[in-house]
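All chains should be modelled from the sequences, with the hints used to inform the complete structure.
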Amino acid sequence: MFQVRVHGRGGQGVVTAAELLSVAAFIDGRSAQAFPSFGSERMGAPVVAYCRISDAPVRTREPVVAPDAVILQDLTLLRVEDVWQGTTASTFVLLNSPKPWAELAGAEVLSRFDPERVAAVPATEIALSQVGRPIPNAALLGGFAALTGAVSLAAINQAIRERFAGPVGERNVAAAGEAYRMVDLARHSSAWEV
Amino acid sequence: MPYQRAKFYQVGSFAVGNRLLAPSERTVQSSLARTNSLTSGHRACQGCGEALAARYVLDAAMAATGGKVVVVNATGCLEVFSTPFPETSWRLAWLHSLFGNAPAVASGVAAALKAKGRADVRVVAQGGDGGTVDIGFGTLSGLFERNDDVLYVCYDNQAYMNTGVQRSGSTPPAARTATTEALGPEPGNVFGQGKDLPAIAMAHGIPYVATASVADLHDLEYKVERAMAFRGARYLHVLVPCPLGWKSATAETVRLARLAVESGLFPLLEAEAGEVVAVTPLRHRVGVEEYLRPQGRFAHLFRGAGRPDIVARIQQVADRNIARYGLVQEAGE
Amino acid sequence: MRQIEGSQAVAEAVAACRPEVVCAYPITPQTHIVEAIGAMVRTGRLANCEFINVESEFAAMSVAIGASAAGARAYTATASQGLLFMAEAVYNAAGLGLPVVMTLANRAIGAPINIWNDHSDAMAVRDAGWVQLFAEDNQAAADLHVQAFRLAEDLSVPVMVCMDGFVLTHAFEAVEVPTQEQVDSFLPPYEPRQVLDPDDPVSIGAMVGPEAFEEVRYLQHAKLVRALEKIPQVAEEFYHSFGRYAGGLVSPYRTDDAHTVVVAMGSVVGTLKDIADQLRQKGQKVGVLGITTFRPFPAAAVREALWGARVVVVVEKAFSTGFGGVLSTDVATAMGPLRAPIATVVAGLGGRPVNAASLAALIEGSERGSLEKVTFLDLNRPVVDRELERMGARRRSGPSAENMLRDVASQAAAQEG
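Residue numbers (the working numbering), protein chains in the order written: chain H, 26 to 219; chain Y, 2 to 334; chain V, -10 to 406.
Simulated coverage check for chain H against chain V, where a stretch passes if three residues somewhere in it have a Cβ under 8 Å from a Cβ of chain V:
(1) 42 to 48
(2) 86 to 94
Cβ-Cβ distance ranges computed for the label pairs, FRET-style:
(3) Y/200 x H/153: 48 to 58 Å
(4) Y/146 x V/177: 30 to 40 Å
(5) H/134 x V/266: 33 to 43 Å
(6) Y/22 x V/183: 40 to 50 Å
(7) Y/22 x V/24: 52 to 62 Å
(8) H/192 x V/99: 37 to 47 Å
(9) H/213 x V/24: 43 to 53 Å
(10) H/113 x V/99: 33 to 43 Å
(11) V/371 x H/134: 28 to 38 Å
Sample of chain H residues facing chain V (criterion: CB under 10 Å; computed from the structure):
(12) 51
(13) 56
(14) 57
(15) 58
(16) 61
(17) 62
(18) 76
(19) 82
(20) 83
(21) 184
No wet-lab data here; the hints were simulated from the structure. On a predicted model such as this, the values are computed, not experimentally measured, just so you know. C-beta atoms are modelled at their ideal positions from N, C-alpha and C, and glycine is treated no differently.
What follows is the structure, encoded as structure tokens:
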């Protein structure tokens, strides 16, 4: 079972991100479950959503307490809540940031993770240029596919198209693709550096 | 008013006289073919205005729709006295659910009929003033706001008579009830703003609103017939004296209803889409004292030196109604 | 199979049942269901259906009562405060014998106001005369609705399908959504036992005095007792029509040789199955008994499933204030005098996550007799004690909920600092 926790703020499509991830996993032929932690949060409030991906049916309803991956849609949350709860050195971490993660203020907290499993994508900037709105979730899902390999980009794209018809869907697919290539390239180049 | 008003001054009542009219102008009640929707044998008190009004209203509705009426009844006297099973006095399809939900239940019946394409069947909901202006007010407002195809009829006897005459939102100022006793310097019910439900119904802009009394059968039947000509939410508010709660003689029910109208305390009107389109002018206006005196619930206003100050305040209420609706036409008009 | 939100799956299942009147009043977390049905009515996908936006839950159930009495298949959904606001009409629908179907998206009852999941709402109306079915997952939630209409109309009783708010209503998972063809073959058109018909007028809802009231009430009881036979039959027929099993009275999991059986309702059953598997790997014989039908209570089936148990742990998302478990009381009654010891674990109140590790530890210890009669899972007892102290110290100690919330927040801040 691969467990994902998405942290973000109301209005950033946090719940949608977890839902789309579950749909993508389903498209890939796996069992998946997604659910939000809170239901009445207003715009801007911290929101957490969960996704579990498994080869067997997912039965547990517990919130994800030991994530295999954390997606952080908004770095300001680092000051607000413990987004690292239950993580280990092998947890994948995907950040929404225009800067490389190593250059981030407070990057030392990330040193506890396997650097091969940490990535940052400028998801908001990609969303603004591709979709025209600062909703980073599609780009982050593309980055997630590249970073973890837990879902395929093709499945992410199909899930996005099923949710958002027409040009909106295509623009989000483009955002996911751009982030995917960015993370994929970074991983390979960092592998070169090693 | 498209019917010929019968003027039988010689008998001192407007409620009689069908035999003196042309057959086509006679009331539904005078016809042998009337449905007797609320048939005899029920357990209402002698002189019950509500029983009288309910039969008049529903027989008229049945006549207007070819007998295709479904009735939803709020809890209250009318429900209790009509259905102590195994007896039922209802000769039409009738449903009682709760005290405060008759409008919503009626909306449900109307929705079901619409879904089933039964446009021929019409829904009438009914309740007393407690079920209408107080506990059922929210559901009634919802019915109006959605403009559901229901005629809602309030039989207003101005207190909770079923439970032993407690004050309702429709109880008039100074009236004595079990919860507004005739004690202290301000005996009886308070002089509040009142809850003028016909006006509130009009404010919803529903197709048709009317007031009527059991004292004028022609007028009452006409208004039911008129209401059934509309689709959407309609509201009919009928004043029904209650000998038990009003502490009046059982033979006085119709006369008291007429005096309520003639004093200006209960104006008769019709409104369409929120605008008053007709009022019944007072050709024979009486002072409120003539209406109040026969009622035991106002006896404290006339005992000993009496309370002319309070009577005067009630007269002001009547005068305000008369001015507001133009019930008395000035000479020369 | 579709990866779909629970509420959407239920909306599709309900729509496939061809309801004729659906009334909606917004209350979290059932809103997505009626919103989706409303949209289907708008587009014409759900034909011959009146969708009514009412002004309260009291009106929602009342509209359903009127519609059902007029011969229409009626549906609504609610939760929590909404259920209590309509409680009078909930009892009324049962008393009138009207086969209304309602989704209850289980949610805590205030005060303190809380929008999250527990079972307090369902427990508050357990004696109203409704059949109450609990869904373990969203497949069950969808399927139970189809069975609910069938049961309700066969027996002329209202049926409430309980699904955990947020945990199921807002969860995306794979669901085989019942198709129109399947439902049409399983659910015949509604044939009312009593109907408001101007051509054959009857009085419905008459006053009944002491001379017959007991008999009328007993009939209600007898109908629910009959439901205990009918529910498994309907589940069996459902299996033949849909090719999957759903519904029924109880859902035992690895109970045959179990020494410890954990009894629960709703979505926590899934978590408990995982816990049972984990504990079995460690050598403890644990089984789970999911209660699908809570009312009527399937005493015989429960007794049978718990026959060999040495310890019974009932995990409940509600409790009877001042006493303890609600479901536990029913389980104890069902087990009779020869019963194994029963421990109640109250968990998941007001959306408190049911922590699998804590729960597993409790269950693990249960065979050693370490469980109290009633345990509140993960209760922060010091917070309660400090409020009791404040209340003892001064008369005007202020609003307790707010005091305790402030306490929890300051504890959290102290930990971070």
